[in-house]
Amino acid sequence: MAKRVLVIEDEPNITEAISFILSRDGWTVHTHSDGETANERIKATPPDLIILDVMLPGKSGFDILRDLRAEEGTSELPVLMLTARGQARDRELAEKLGVTQFMTKPFSNAEVLESVRALARD
Amino acid sequence: MPQRQLTGTRIRERRLDLGLRQADLASKAGISASYLNLIEHNRRRIGGKILNDLARGLNVDASMLSEGTEKVVLDQLRSAAVEQTEVEVEIDRTEEFAGRTPGWAALVLAQARRIERLEGRVQALTDRLAHDPQLAASLHDVITAVTSIRSTSSILVGEEVIDRDWQTRFHRNIYEDSQRLAESSRALVQYLDAPTEDGGAPLSPNEEVEAEIEKNPDLLYALVSGDRPELPHLRSRAAQSMMDGIFDRFAADVIKLPQGLFEKTAREMAYDPEKLARHFEVQIDVVLRRLALLRVEDGHPETALAICDRAGALTFLRNGAAFGLSRTGFPCPLWPIYEALTQPLRPLRQVVMFQGNEGQELLCYAVAVPTSPPSFEAPQLIEGVMLVIPRNPSAKRTDLLVGPGCRVCQRSGCSARREPSILSEIEEVHQTF
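Chains A and B, in that order, are what the protein sequence lines are. Those letters in the first sequence? Residues 1 to 122, per my numbering, in order. Those letters in the second sequence? Residues 1001 to 1433, per my numbering, in order.
Misleading hints may appear alongside valid ones.
As the list claims (entries may be wrong) - Cut-off 25 Å, straight-line C-alpha distance, at most; resulting in silico cross-link-like pairs (SDA-like, lysine to any residue):
| hint | chain 1 | residue 1 | chain 2 | residue 2 |
| --- | --- | --- | --- | --- |
| 1 | B | K1264 | B | R1278 |
| 2 | A | K59 | B | R1278 |
| 3 | A | K59 | B | L1135 |
| 4 | A | K43 | A | D63 |
| 5 | A | K59 | B | V1146 |
It should be emphasised that the hints constitute simulated quantities derived from the structure, not laboratory data.
So here's chain B without its partners, still in its complex pose (with noise of 0.2 Å):
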């Protein structure tokens, strides 16, 4: 039957592509046109000297006509549907669907792909924590040391007396295990980053793209020079097109202030975003994005650079790990580019100092700007940027201490927690913030 079905489909499809009404294509074939309608829906079976008339009628061979869809296409289809028991799918129908919306399934069917591909990786992924040797004895050698620091150091502070003779040993076995503790966690994170055999594939386009420009800077820092490189090849479609916008972004903001004149105003006005932006009379965003494009080979500060939507979802992202900036999980809210969202324009400057990385303070410039023309029809759409540069410390007081995001902040009596921490808190001990 279903075979039948396709057949009536591809003659509409070929009908309506020439053009042709159903009672001319019907006369063709010497057959009326309410019959004819019946066939191209389906509803009738046809072959030999029908479908051998309207084949010519159409101007293409017979078998063109009553083939049907690739049976490796339609038996991949019936399998995605049985492998999904969520949704009730018409079986009896796939070669109708098939025929009549080619498109959509290879969409369906390039989707089962990726499914399939996506429950294979987190299989492995979950295979990986659960059975791999190497992390199962990392992870059992810093649980072990610290398993004997909490014993022993718990014995050396208890209320009992202890002989200096059993003291000194306790001593010694806690520099011991704290040396071992200090090797396998070191152990444990360079595992934990390393690559994975399938080459360590970011999971989003964003990581995608960042990815990319951190393993070739030099594709960014070629904008400056006003040659747009040739896009790299990236595996999805989806990051492909965000490295293009990317490209034609900064190489928008490399024409408004051109490099050789925006390196020199930059050294002279000591990188100041303000300064520049009314020397060049631009908008501070382009300034903040302008100044990422510069060198630290070129004797120009390190920086990083932070963009994000009204959501506060980061859209780009640039050398933000050195600083504590990360796009995983969610990240702590007291950053100055969430702040700079709530008052669009509004160009902020504070210095903070990240937790975890104490001793560095870091001067961060942020700004909200519109990315939406104004209308009563639609929200504003507004983007923040935030520009990153580390500094030796000052003796002025630091403004603010950001975190890695609640998740893993250890910092206690935060008022912008938003979760509990899956570490135990601390106290703050830096009594300088």
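For reference, chain A alone in the conformation it holds in the complex (with noise of 0.2 Å):
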């Protein structure tokens, strides 16, 4: 069965680009754009890997991974995050909050891709 990964991005052009990349590399994508739902959603449907953007409308990327953290059945969850800020005190707080991996963007496709495969293997 093919691995869940959860993109939560409110670009939706960045969404597309990277469920087509993950998609055609064997992944069901399911996609979020909100970040006051976040949680729930990942806990309605918990995917085996996300993708997460720090600036998001309602709550933010840090504050959904903390909540992550918190919670049993997600604190191991791997979490592939995505920044336009590429700065040390953001990478340290992610860092700090538990985060698998951090990327700045703009990234590259084959980056993500590498990324999403190594955390899958982990």
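If you follow the hints, you should be able to join the two separate chains into one complex; please do so.
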């Protein structure tokens, strides 16, 4: 059965591009664009891996990650965090909150694909 | 103890001001000259009768000798000393320093205040870059659009075949994102160009002078009528003095080349600096500066003027930004003004095209002239002057392509490159160059 990845990103064109390359790679891709309801969505249908943007409407990616790590069922869920802010303190915060991998935009498709594959193997 | 030290210093200064010898004052005060010497060098505490006698001998009130320098000044000096960590300062001698050399003390305080102001400004700019929500939002928009375009376009150019519907969708996405990128980059540039809260204060006296001339071009144009305009109020004394020097210089050029006659002849000679210099029997650099004072509104060509010193530093720049000349960073060494520096007194005429403003040729006249008398004892100082006149592209091959400065120049294979570009280099696509 194909592994499921949830892309939480509010930019539809980025979501579409990521979804396309992951689907082509054999993943079942689900998408979500609202920060506020992201944790409920994850809880309802837990994916095998999450690609999480930082700046989301309603709730930031950092807050979503914090809540994920606090929940027993998702505390170990692989999370690839994407951000347009590559500052050291953002990376540090993400690491402190328990991110699995942190990637700054603009990324290449190959980088995303490689990271997702690596996270799925771990 | 410091109080005692200052008193002695004041006594000595007052005595010297009056032209009295130590022996004269000592005699008036009923003490020995050697004792007065110790007092003046702050090695003896005095008060009461001796202080009053000395004050009488110096014709001042005793309190003027005994009162310390204002406490606030001393506190500020001590604070300035403590706040820096690079030099060990004799803080216990602050009062002596302030008393003996009040001018230097005032300078130290003024500089400490200036450093504090500048540090505040640097901090504000840093905060602005790091935390300004508008800047962050603009940059986020740009990066988001770039990410989307990059990701989508790399799918399209990939080796795998994509069905037609997806292709259409991705093309539409790229189009939308490119529109968004154009808008967000324009907004970003506008934001960065906007004045800052402190009025967008220029960073150097040169920039201050040029900003004032740009804001009020009539300042220079008034000189051609023979009237010297009142100096504008500028923030720094250095800028004020530089503006004064610029007025002197352009006014002197106007005396050599009076407006009515020069304007008429310049038109007749099609603004040819060589012909004009010969006709008026002046150096070409005078003509170049003078041509820059002809107004577009009077039907003359638009011009930019750059002046640099022997090190290549721009000392004057007017309208430069319109044609790609900038004092930001290190400029492109290919501009003819720099070549002129290598051949003083030899006028150069060169047509250049500024990368980033393709389609407009720039006719550049440049010359370097001595600015100091010849001497065996000192290096010969020279100055480069360049007049830039834009013109429509000719069928003729453009002589030279100049860039905006290596850091932001994308031109590849340039032999004049002094450092790598922070942008990725691009291959030359303009085959005409």
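Against the structure, the hints come out as follows:
no.	hint	in the structure
1	K1264/B - R1278/B	15 Å, holds
2	K59/A - R1278/B	74 Å, violated
3	K59/A - L1135/B	21 Å, holds
4	K43/A - D63/A	15 Å, holds
5	K59/A - V1146/B	24 Å, holds
The earlier numbered hint that this structure contradicts is number 2, and it is the only one.
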